[in-house]
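Could you put the whole structure together from the sequences, leaning on the hints where they help?
Here is what each chain is made of, one letter per residue.
Number of protein chains: 2
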Amino acid sequence: MQHVKLPRNEQGIQTVLAVLKQKFGERVQTGTSICEQHGHTTTWIENQPPDGVVFAHSTAEVADIVTICSAHEVPVIAYGTGTSLEGHLNAPAGGISIDVSQMDKVLAVNAGDLDCRVQPGVTREDLNTYLRDRGLFFPIDPGANASLGGMAATNASGTNAVRYGTMKDNVLSLEAVMADGRIIRTGTRARKSSAGYDLTRLLVGSEGTLCIITEITLQLQGIPEAISSAYCSFPSVDAACQTVMAVIQYGLPVARIELLDEVMVKAINPYAQLGLPETPLLLLEFHGTEASVVEQSEIFAALSEEHGGNGYKATETTEERNRLWKARHEAYWAMLQYRPGTHGVATDVCVPISKLAECVRASQTRASELGLIVPIVGHVGDGNFHATPLVDMSDPDEVDRAASFVSWLNELAISMDGTCTGEHGIGQGKMPYLVKELGEATDFMSDIKRALDPKGIMNPGKIF
Amino acid sequence: MQHVKLPRNEQGIQTVLAVLKQKFGERVQTGTSICEQHGHTTTWIENQPPDGVVFAHSTAEVADIVTICSAHEVPVIAYGTGTSLEGHLNAPAGGISIDVSQMDKVLAVNAGDLDCRVQPGVTREDLNTYLRDRGLFFPIDPGANASLGGMAATNASGTNAVRYGTMKDNVLSLEAVMADGRIIRTGTRARKSSAGYDLTRLLVGSEGTLCIITEITLQLQGIPEAISSAYCSFPSVDAACQTVMAVIQYGLPVARIELLDEVMVKAINPYAQLGLPETPLLLLEFHGTEASVVEQSEIFAALSEEHGGNGYKATETTEERNRLWKARHEAYWAMLQYRPGTHGVATDVCVPISKLAECVRASQTRASELGLIVPIVGHVGDGNFHATPLVDMSDPDEVDRAASFVSWLNELAISMDGTCTGEHGIGQGKMPYLVKELGEATDFMSDIKRALDPKGIMNPGKIF
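Those protein sequence lines, which keep their order, are chains W and V.
Per the UniProt record's numbering, the first sequence starts with residue 1, numbered consecutively.
Per the UniProt record's numbering, the second sequence starts with residue 1, numbered consecutively.
Hints were generated in silico from the structure; no laboratory data involved.
C-beta atoms are modelled at their ideal positions from N, C-alpha and C, and glycine is treated no differently.
It is possible that some hints are incorrect.
[As the list claims (entries may be wrong)] Partial chain V-side listing against chain W, Cβ under 10 Å, derived:
(1) Asp113
(2) Gly135
(3) Ile184
(4) Ser193
(5) Leu202
(6) Val204
(7) Tyr250
(8) His343
(9) Ala346
(10) Asp348
(11) Tyr433
(12) Glu437
[Said to hold, decoys possible] Now the in silico label distances, taken between C-beta atoms and shown as ranges:
(13) W:Gly251 <-> V:Asn322: 54 to 60 Å
(14) V:Asn322 <-> W:Gln364: 48 to 54 Å
(15) V:Val4 <-> W:Pro432: 45 to 51 Å
(16) V:Asp400 <-> W:Gly251: 31 to 37 Å
(17) V:Thr318 <-> W:Leu274: 45 to 51 Å
Here is the structure:
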């Protein structure tokens, strides 16, 4: 997939690189491979590398780099772990990648308030390792071991969102460098506030187009007294989705409820040696007191049985539970092994739960019509699922059919009063759908972009 | 309390009134008492009435009115029920109040998705009456029977926020009329989205300064299988706050946890004939299955005992529970009866929970030093509390002392990394504190304001 190139400010870029090299020495890199690695993301979108990468060590340094780039009208693109999925890190107008992966300190943990303050390069796994001894955890789990700065920038969520929400619900405040190099703090450590416009939630999900995030204050959770997992097979996607609706309507506080369709189960069975029936599957996790997880599990079992679920099985040991969730987390690799040599093109629609069964079924039918292999896995408690065509990139016709599938699915979700992206963001890949989804509202987004980044240097060519 | 007057566009106002009268006839009112009623709010801030009130019946009419006012650069101020607390409805530059209270239809309820779409004039009590037969409820309860448009505009929350969040967490999407009269929809019915900037959460809490809200899509909850209430007395505010911290750290999913200090208990006892010990009190509500509310109640009882709580009492009947919460909801009237003839000036700070005890104690000490009677009641699970000086408005010295108390408390909360407003909003009353709290971040709020409302006609003189 090619994307639009933007005009380059060649002279500005060369000047900025010279200034940055003087200031940051070896921490400025311009080699082809490192630049390509900083443009590359796990997507089929063409790589558009930046002209240089600067490894920043502090907020002041980020502000300094942005100020220099602003003076010369050169693009800046923040880089964490490079796990975004829609070309967010590409540099269609060239420019400077600000790599914040070495800003990786946990700055404060306030156990009494269940919050912490971290630098943007801290990854979610690093944070959870750091927190474990304190009996705390950070629940947002997009699968990849992404940086928390990147997760904030794309409003990541994932498997736990049905219970704990998205990054938007768990970021209390940001420190950010704005387009003119000024440093702001968007909120306090208060759990809620009605003080002025919600800059925190405007910047969360702004994909580097309004600011560079340099610190994040996160809300944490206590590690639950008890955690248990379960899985249940269903005769059809409909039956599984009906069960999900029943669970949500019941108000059962499931921590995770994930759908794997039959193709996905076929892929994961050999990969994780699970031997599951090759029919749609729900994977669950319950958090609470010992008594409440037992009760939740029993209620779920009853609800699933009502909707035709069979083979309900609660895991009995932590090992068994970990094995199950490891398999879920490795779904992407299982897919690629299912059809070796292909590229998995992850879609990311989210629809009202009442439309979920229809949307998943239609996706299966459409994939079949197009002769595509498309495993489906989803955070279905939110109505969010990923249909992932496994594409032989050397076959132009198959690439075209996959592109047609992706486009068709985004439009279907929008027609169902859903969104073209539940958690991956717009980046380059979903720009055509944003306007279809939100119409004239996007004009006001552009107004905000122009107001906060008048020179257009913050991650240009993304979202709009 | 006087507030700044802004220059009036006299000619524009007269022209707009003439045009509106032609279009809307009797639905345009300019009488003194109706104009004063539309400027008046439950605050000690001076009344600044608009020049006319238009009762709008549809989104198209609101758009029409805003377009007319925009053409003549005349201020517009949306009005729902008039229960805001910081002068949000005042018209310091005159202009037109757009009364949306007759836009009071529930437009759709999607029981399967636990969402609904309402017009802005629907009040929270009306919505809950409408939903009851469907087994659903909308949890946000700021006390007053506010309109949902107004609740969205100020990011209201209240007693249930500790479990269900604020308006920001429960508004899925808005339809809004922007400053140039264009109508936008900010989101879809998907439960989560990463599609572009979060206009929904930017407009929620924008206090009428960026748009007029004409429809709200809300997330709903199933009415829990079981609801139970309890209360418990404590020897000190510290002991009560320590218990709150323990509850939050335990992860106990309390639906409500409210603090009443000793002065508040003294006020409420005779008013609601409760006969409670005149020491700090926590009021609780638990939602869940029959078994889980019993377990929650037992865990709370154990935690409170550890921290010196005594007289723990779970209510046994729905009547008893309703009586308790009715008393809590009528706290404001109980206060006024406690010191008749006074005005209650509600403050609204929110601090990290670890600072709550210190902040409440300091408030009590300061009130005593200033010779003020200041009952305190709080949504303490969020660290949010209202200290409400009961002020004899005919005594200028007492008014000064109360003003000094309010100012001191806002600054104390900010110094504790908290906020000057947990749920009431900035309006006119808290403008001086916003900059103290968020510094240069407010410059970027102003940039957004100018970008979306270049003529400055949307509720001018508020927030900034």
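Outcome of the hint check:
1. Contact between Asp113 of chain V and chain W, as hinted, is supported at the beta carbon level, the nearest pair being about 4 Å apart and thus within 10 Å.
2. Below 10 Å, beta-carbon pairs count as interface contacts, and Gly135 of chain V has one with chain W at about 8 Å; its hint therefore holds.
3. A cut of 10 Å between beta carbons decides the hint on Ile184 of chain V: the least distance to chain W is about 4 Å, and the hint holds.
4. Satisfaction of the interface hint for Ser193 of chain V is found here, the shortest Cβ-Cβ separation to chain W being roughly 4 Å, below the 10 Å cut-off.
5. Residue-level restraint check for Leu202 of chain V holds (minimum Cβ-Cβ distance to chain W is 5 Å; threshold 10 Å).
6. Given hint, Val204 of chain V at the interface with chain W, holds; its Cβ is 7 Å from that chain's nearest Cβ, closer than 10 Å.
7. A cut of 10 Å between beta carbons decides the hint on Tyr250 of chain V: the least distance to chain W is about 7 Å, and the hint holds.
8. For His343 of chain V, the suggested interface contact is broken, since its CB lies about 22 Å from the closest CB of chain W, more than 10 Å.
9. At a threshold of 10 Å, the smallest CB-CB gap from Ala346 of chain V to chain W is about 13 Å, leaving the interface hint violated.
10. A hinted interface residue such as Asp348 of chain V counts as satisfied when its beta carbon comes closer than 10 Å to some beta carbon of chain W; here the least separation is about 8 Å, so the hint holds.
11. Checking Tyr433 of chain V against chain W: minimum C-beta separation of about 8 Å stays under 10 Å; hint holds.
12. Of the supplied interface hints, the one on Glu437 of chain V holds, with its beta-carbon coming within about 6 Å of a beta-carbon of chain W, less than 10 Å.
13. Between Gly251 of chain W and Asn322 of chain V the beta carbons are some 21 Å apart, a value that contradicts the proposed interval 54 to 60 Å.
14. Between Asn322 of chain V and Gln364 of chain W the Cβ separation comes to about 50 Å, which falls inside the hinted range of 48 to 54 Å.
15. In this structure the supplied range 45 to 51 Å holds for Val4 of chain V paired with Pro432 of chain W, their Cβ-Cβ distance being about 47 Å.
16. Checked against the given bound of 31 to 37 Å, the beta carbons of Asp400 of chain V and Gly251 of chain W, roughly 50 Å apart, lie outside it.
17. In this structure the supplied range 45 to 51 Å holds for Thr318 of chain V paired with Leu274 of chain W, their Cβ-Cβ distance being about 48 Å.
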